[in-house]
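**Q** Chain B: place on chain A using the hints.
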Amino acid sequence: ETGVTQSPTHLIKTRGQQVTLRCSSQSGHNTVSWYQQALGQGPQFIFQYYREEENGRGNFPPRFSGLQFPNYSSELNVNALELDDSALYLCASSRGQGPYEQYFGPGTRLTVT
Amino acid sequence: ELKVEQNPLFLSMQEGKNYTIYCNYSTTSDRLYWYRQDPGKSLESLFVLLSNGAVKQEGRLMASLDTKARLSTLHITAAVHDLSATYFCAVWMGNSGTYKYIFGTGTRLKVLA
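These protein sequence lines are chains A and B, in that order. Under this note's numbering, the first residue of the first sequence is numbered 2, with each subsequent residue one higher. Under this note's numbering, the first residue of the second sequence is numbered 26, with each subsequent residue one higher.
Hint data in this document are derived by calculation from the structure and do not stem from the laboratory. All of these numbers come straight from a predicted model, not from anything done at the bench. Among the hints, erroneous ones may be present.
Straight-line alpha carbon distances no greater than 30 Å define the calculated DSSO-like cross-link-like pairs of lysine-lysine that follow [what the hints assert, rightly or not]:
no. : chain 1 : residue 1 : chain 2 : residue 2
1   : A       : K14       : B       : K125
2   : B       : K125      : B       : K42
3   : B       : K42       : A       : K14
4   : B       : K28       : B       : K66
5   : B       : K66       : B       : K42
6   : B       : K135      : B       : K28
Chain A extracted, bound-state conformation (with noise of 0.2 Å):
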């Protein structure tokens, strides 16, 4: 059985560029979280996709969108990098929407500068 995989591990842009992170989910999950986690903070929830359809999302602009494929593998885009996106990228993925049990990928470790 695959774990949840990520990619790229670390990434630098500059202010104002924009990103795309990769998550692959664990075989048999169909919903994939999106998490960023800030130095010395807990995970912020950024939206949550299930079957490809947005399911949640917590309180990040429109910057911040995502996208899920057909084989439930997920992107995160985030335009218009500001400084305080500098953070730990985590995508989590679980067997169907809503309350169960995540299993986290490595995260990808973003630095805007």
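**A** Okay, now just chain B, sitting in the frame of chain A:
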């Protein structure tokens, strides 16, 4: 707005001692999760608590949920150094299309030999 608070934020304890981490949340939910995070790593799921009075145990860790008090506890028995990590609780709320996961502030645990 849903708030999830943990205490203590930092905990330094001797090996062999017992201690409890508390997780309070501010609105109705009967789905609560505990995670462990090692420095520089992703999150590992520890427990999923799905109903009032739920109790789960794994090794030296035991978690419980009181939905009426909006309180969950993570009890550590006879701590060992390997339990040193940051522990997060998280609450799920919402309905289809409006799901949110809210994480607590985290408790950084250090077990001293």
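**Q** Are B:K28 and B:K66 close enough, with their CA atoms no more than 30 Å apart?
**A** holds, 25 Å
**Q** Measure nothing beyond the straight line between the CA atoms of B:K42 and A:K14; if it is 30 Å or shorter, mark the hint as holding.
**A** violated, 46 Å
**Q** Within 30 Å, alpha carbon to alpha carbon, are A:K14 and B:K125?
**A** Since the Cα atoms of A:K14 and B:K125 sit roughly 28 Å apart, the hinted pair holds (cutoff 30 Å).
**Q** Given the hinted pair B:K125 and B:K42, is their alpha-carbon gap at most 30 Å?
**A** Violated - the C-alpha atoms of B:K42 and B:K125 are around 35 Å apart, more than 30 Å.
**Q** Sort out whether B:K42 lies within 30 Å of B:K66, counting only the CA atoms.
**A** holds, 26 Å
**Q** For a C-alpha distance cap of 30 Å, please report whether B:K135 and B:K28 respect it.
**A** holds, 25 Å
In summary, the structure is inconsistent with hints 2 and 3 from the numbered list given earlier, while agreeing with the others.
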